[in-house]
Amino acid sequence: MRQILRLTVNGEAAESLVAPHQSLADFLREDLGLTGTKHGCDLGDCGACTVLVDGEPRLSCITLALECEGREVTTIEGVARDGRVHPVQEAFDRCVAAQCGYCTPGLVLSCVALLRDNPSPSEAQIRAGLSGNICRCTGYTKIMDAVREAAVELAGQAPSPAEGSRRD
Amino acid sequence: MMRLPAFDYRVPREVGEAVSLLAEYGEDAKVLAGGTDLLPSMKQGLFTPKVLVSLRGMAELRGIRDAEGGGLRVGAATTLRDVARDPRVLALYPALADACSTVATHIIQGTGTLGGNVLLDTRCTYYNQSAFWRTALGFCLKKGGDVCHVARTSPTCMATASADTVPALILMGANARLVGAAGERVVPVESLYTDDGRDWNTLRPGELLTEVLLPPPAPGSAILHRKMRRRQAIDYGFLLAAVRVDGDLAGGLTDARVVVSCVGPRPVVTPLGDLVAGRPLTAELAEEIAHAAARPAAPLTTHGVMPSYRKKMIRVTVRRALDTLRGEPSAAV
Amino acid sequence: MTDRPDAPSALGQRAGKIDGPPKVTGAAVFADDLRLPRMLIGKILRSPHAHARIARIDVSRARALPGVHAVITGEDLPERYGVIPVSQDETALKIGKVRMVGDEVAAVAAVDEDTALAALALIEVDYEPLPEILTVEDALTRSDVLIHEDAKNGNVTKRVFQRYGNVDEGFAEADVIVEDEYLYEASTHVPLETHCAVGHYTPDGKLTVWSSTQIPHYLHRYLARVLGIDAARVRVIKPEVGAGYGGKSDPFPLEFCAAELSRRTGRPVKIAYTREEVFYAHRGRHQFKMWLKMGVKKSGEITAIDYKCWLDGGAYSSFGVVTSYYAGVFMTLPYTLPRYRFEAIRVFTNKPPAGPKRGHGAIQPRFALELHIDKAAAALGIDPVDLRRRNCVEPGTETVNGLRITSVALKECLDAVTKASGYHEKRGRLGPNRGIGLAASTYMCGANHSIYASEGPHSTVQMKLDRSGQVAIFSGTADIGQGSVEMLGRIAAEVLGISTRDMRVVEGDTDLTPVDLGSYSSRVTFMAGNAVLQAARRCRDQLAGPVAAKLGCAPADLVFRDHRIWPGDHPEWKDDPAHSLSFRQGVEVAEAATGQGIGAMGSYRPPRIGSRFRQTSVGPSPAYSFTAQVAEVTVDPETGEISIDRIWAAHDCGKAINPQVVEGQVEGCVYMGVGEALLEEHVFRGALYQSPSILEYKIPTSLDTPPIEVLLVESHDPEGPFGAKEAGEGPQLSTVPAIANAVWDATGVWMNETPFLPERVLKALEAKRKAEAKGRTAAVAPAPRGSGSGT
Ligand SMILES: Cc1cc2nc3c(=O)[nH]c(=O)nc-3n(C[C@H](O)[C@H](O)[C@H](O)COP(=O)(O)OP(=O)(O)OC[C@H]3O[C@@H](n4cnc5c(N)ncnc54)[C@H](O)[C@@H]3O)c2cc1C
Ligand code: FES
Ligand code: FES
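Chains as they are written, first to last, in this note's numbering: chain U, 1 to 168; chain D, 1001 to 1333; chain G, 2001 to 2791.
Same shape as in the complex, but just chain U:
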């Protein structure tokens, strides 16, 4: 039987009736029309469906929508800040880190979380931070460029180093 789901999506409260067997990806794409969240395998293998749940990357294809009761979900449509695209998105654009763009939403969200937790990641840390999201087009090279550039940009923006760190 369908159940009521209350949660926050991209900063807005949402209330919806969902079937227990609906995945979060399905709920976001089909019920809310947030088709920026992609799916490449539906089994947790590729990272295309990555969204942030309470700020942490999560694979929406193997998460039940109902498991997100009361939580805050951020999709690619919600990472822009104050009407301006996020510095990570800007850097992806500038560096041509998106070829076909299918992995991009998931990767942008992973990178947003990576740079929040670690504002100046090393090469190895960037590689590790991208390792849950497969990109079949780029060889990750330009994506790594974008992460480096975004890190610099975000460091310039942050009023104090503490702001960039993890919330909890």
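Just so you know, these hints were derived from the structure itself, not from any lab. Check each hint, because a few of them may be wrong.
[What the hints assert, rightly or not] In the EDC-like style, the derived pairs of lysine to aspartate or glutamate whose C-alpha atoms are separated by at most 16 Å in a straight line are:
hint: 1; chain 1: G; residue 1: Lys2097; chain 2: G; residue 2: Glu2113
hint: 2; chain 1: G; residue 1: Lys2464; chain 2: G; residue 2: Asp2562
hint: 3; chain 1: G; residue 1: Lys2293; chain 2: G; residue 2: Asp2230
hint: 4; chain 1: D; residue 1: Lys1312; chain 2: G; residue 2: Glu2759
hint: 5; chain 1: D; residue 1: Lys1312; chain 2: G; residue 2: Asp2502
hint: 6; chain 1: G; residue 1: Lys2763; chain 2: G; residue 2: Glu2588
hint: 7; chain 1: G; residue 1: Lys2464; chain 2: G; residue 2: Glu2412
hint: 8; chain 1: G; residue 1: Lys2763; chain 2: G; residue 2: Glu2641
hint: 9; chain 1: D; residue 1: Lys1312; chain 2: G; residue 2: Asp2636
hint: 10; chain 1: G; residue 1: Lys2297; chain 2: G; residue 2: Asp2150
hint: 11; chain 1: D; residue 1: Lys1050; chain 2: D; residue 2: Asp1008
hint: 12; chain 1: D; residue 1: Lys1311; chain 2: G; residue 2: Glu2759
hint: 13; chain 1: D; residue 1: Lys1312; chain 2: G; residue 2: Glu2185
hint: 14; chain 1: G; residue 1: Lys2289; chain 2: G; residue 2: Glu2412
hint: 15; chain 1: G; residue 1: Lys2097; chain 2: G; residue 2: Asp2150
Predicted model only: the values in this text are computed from it and were never measured.
Let chain U serve as the given structure and place chains D and G with the ligands on it in line with the hints.
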């Protein structure tokens, strides 16, 4: 999109309620922790529970607490990432922290739980496939069929223990707190597994794993976790090993144990007290331990990687772990 | 009026690409993101048998299920098709028999996915299994089992035999003969987006299909034919495509089924493949077994190549006839070859069909040849780079099989890559188990002949300017991530002197965009690039007369740059409104002066310079790209694991229209090569894939991918748009052999079989140790450490 089969969904607020739900629904219920093992398997038609009992409503199942008399109590629904990042775990049980961070990817580590890992279903290349694929091949012993595609004459299923954290947990002497309608019991993690990949764990019907209990580390003992996989992320191991030595490495060891996993339904534990007692951990002893640890393991075609290679790699991996303890840089160039 | 470099050029700039913003914000719409009113969801029932007769299909229970709107089977779409006209061996849903696990048998449309899946489960099919053909050997010997009963040559899709000169004479002249066998394993594309199509048949008798296709034009033709609808009433729209790498080039059953189910229900129908279904759709890299013999003189001159290969084609032809040619025709490049003989045999097996994957048909023989070159160098004691330089083709020449060579910058690529990597300093000197290796390669820029016989242009682009200042480009090309939208925009921007951000590129919509043959064989930059260049120049000419009249100068003197138009001999007038115009004003002036709208078509048809050999009708291309790569590796002698420390890739792309995009193509090629070298292979359990999932089919993650350094070399092809050539496929050809040659430098073993899995490396190392212990030497003795270096 691959769909999940339909089910009912319950979110108990406390362990008592969860246990009575599990008792009520019996075989029809499945526990949902992070869902990173269960939900893909359900999409592949491996399970079709009528009810999922979610652990998310029970705060008591999450978090890491100091245990009386030393050691830690890790709530079963604590995520692998939270375990790996906990300063106490890092200080006392570095091998466990290591093991948590070799699971899948950092994203899955943030969702998957320690309890779910301990109770990760056994895996096999003939089992972890879609319903269509299994129809095309013919169902196997573990799900819907009467033959094991790995060992055609075997009366039991050969699917392998695959959880990254379990070898280290066994060597740490970790225990599991199991709560059922009939009460609770604490058993060694080592005793949770059987030799039949089909009926692979010793939980009683309706039992919930609530905590993993980590005893204080024995003084003078060291544990290392090792994993071999094809791909450096998004990959199960084709070989898992954990190595423990006790005593004075240079003066003389008092005990040693090795656990090898991904080679059969249960992790293979090799006690080596007799072999090592009183001997310093030399290169020769390391080699002997590695041989002894490999001997009882009999990898089969459960994985894409050749059994003979996996067998060979047990020796290399175990010996290299010991070399690391000896302060030798790993033999790799 | 020329394209004068009086102000900063649009070419070469590093500022992103036109279609970047929608992709980084999630706004880009892919096929599965489409939602039309009343849309139904379709699903396809597949055969669990590899080879079987369909004795009975009963769909009545499925049809009766509430929520199901239509069920179709093979007889409902009986028209045969196949992307290559000479091998029409597919139907959307199989009729009478199935030839592989995953063959399509029936399709349903229902109100939602759950209902559609439930309906599939209600379809009853009785199969009578037939003997299976699983290997090339079986295909060639089991004449009693025919996969296609009406095929002309039994289970052989195609045999190609070509001979240029007398190879035996060549071998007689040679001082060293290198002969070996190779196996290049099958692999698949794994585009992250699974195939998806939406069909919409409307009451006006028109059909629209949105599909994740690389080739809207061929899909258009086949939809019309299979559905029996006049092509004038069929529209194919390519939304954003989550990449293809060749895997979305064929017409696929889901496109026909979505269309037919829509025709039957009067509602839009969407079908999306699951990841597993994409594995069955396949059309990936053929497994090649190869035998190669090459003669070389002491001087390093290559005297002859004799080469034979066997291709495991799977159940259908797909592009296989073409693959069989590509399997051999490019072996005459980039090393001058006086005598050449080759034979390729592609067979049918009861497995998913192979087809075109990045570097189509040329990857496998290149692997063999580049190892062969290093083996010859070792045998002769010549530096492998010198051996390659010694034989390098020259511009303005013709190969032994009649391929016309225009621009070549291979030597420059070799220089760039050896210098950047320190190849000569490192080779043989990196210490135990570490090595460095090099390989070079070449690839075409589109085929001179289209797939079906046609004298028409291969690319046409339409351009429209208006007084808003906006420029719209309409092109039938298909951007699948490789950057064709950006390429079209940049070329137009360069000619018209405006920024690409003021442009709209409308691509891949057969109602709106002129015909382009699509994204395959690396043809788009060269062909559509030339077409858009012509269209843009024509538009500029339409502006130039009236604008020159207004500014009082000759049209030829005008400069178009930075959104301004001014007389080029007066740079100081550029921003002076009295003597110059903005681009927008220029359009206004031209519209007013002529009373006409501004716009033009531009087209490209390859020069009619096929090979003078009739047999070489496949292979000729207007230009060829060249690549040289170096890989540095470390081999773990105990585990056999290879780790690639870095790859340097120098690519002769002619001219980088957008260097970031070109670099991205090279990086992507290297990445895919790394996957094929170390991880990816199709393993079968009988006729069944062992691993039809991203978890088990191991494509590299960021942690499995080495740092990649790209060096762009510009040879300015005389016929390419602004000199540009391809970059999307060619660079992959060098990667795998460069890695293999590095493994040899590290260990002294030749990895003649891909992928170089740890267990295979270990086995090779053990064999070598045993051979050394016995004092035997291998067929080709490795050069002593260090001796291969120096120039
Ligand atoms: C792409 C991918 C790669 C992976 N790679 C690895 C890997 O490398 N190594 C590895 O070890 N795992 C891997 N996993 C599996 C999984 O992510 C982890 O094992 C994880 O720890 C499982 O935890 P969970 O909370 O998600 O378990 P769930 O899926 O929620 O549960 C797993 C099983 O345990 C039962 N269960 C869970 N908690 C309890 C409890 N408290 N009491 C009783 N029963 C319970 C469930 O009913 C279920 O049967 C991978 C998964 C994916 C999708
Ligand atoms: S779609 Fe979720 S991980 Fe691939
Ligand atoms: S850009 Fe295509 S998958 Fe990453």
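Status of the hints after comparison with the structure:
The hinted pair formed by lysine 2097(G) and glutamate 2113(G) fails the criterion: a straight-line CA distance of about 27 Å is larger than 16 Å. The hinted pair formed by lysine 2464(G) and aspartate 2562(G) fails the criterion: a straight-line CA distance of about 19 Å is larger than 16 Å. At roughly 52 Å between alpha-carbon atoms, lysine 2293(G) and aspartate 2230(G) are farther apart than 16 Å, so this suggested pair is violated. Of the pairs offered as hints, the one joining lysine 1312(D) and glutamate 2759(G) holds, with about 10 Å between alpha carbons and a cut-off of 16 Å not exceeded.
A C-alpha spacing of about 62 Å is found between lysine 1312(D) and aspartate 2502(G), which places the hinted pair above 16 Å, so the restraint is violated. With a C-alpha separation of about 73 Å, the suggested pair lysine 2763(G) and glutamate 2588(G) falls outside the 16 Å cut-off, and the hint is violated. Between lysine 2464(G) and glutamate 2412(G) the alpha-carbon distance is near 40 Å, which puts this suggested pair outside the 16 Å criterion. Of the pairs offered as hints, the one joining lysine 2763(G) and glutamate 2641(G) holds, with about 12 Å between alpha carbons and a cut-off of 16 Å not exceeded.
With a C-alpha separation of about 14 Å, the suggested pair lysine 1312(D) and aspartate 2636(G) falls inside the 16 Å cut-off, and the hint holds. Pair hint lysine 2297(G) plus aspartate 2150(G) does not hold up; C-alpha atoms about 48 Å apart against a cutoff of 16 Å. Note on lysine 1050(D) and aspartate 1008(D): the hinted pairing holds, with a Cα-Cα distance of about 6 Å set against a maximum of 16 Å. Proposed proximity of lysine 1311(D) and glutamate 2759(G) is supported: the alpha carbons are some 11 Å apart, at most 16 Å.
Restraint check for lysine 1312(D) and glutamate 2185(G): not satisfied, since their Cα atoms lie roughly 25 Å apart, outside the 16 Å limit. With a C-alpha separation of about 32 Å, the suggested pairing of lysine 2289(G) with glutamate 2412(G) is violated against the 16 Å cut-off. For the hint pairing lysine 2097(G) with aspartate 2150(G), the CA-to-CA distance comes to about 13 Å; that is within 16 Å, so the pair holds.
The earlier numbered hints that this structure contradicts are 1, 2, 3, 5, 6, 7, 10, 13, 14.
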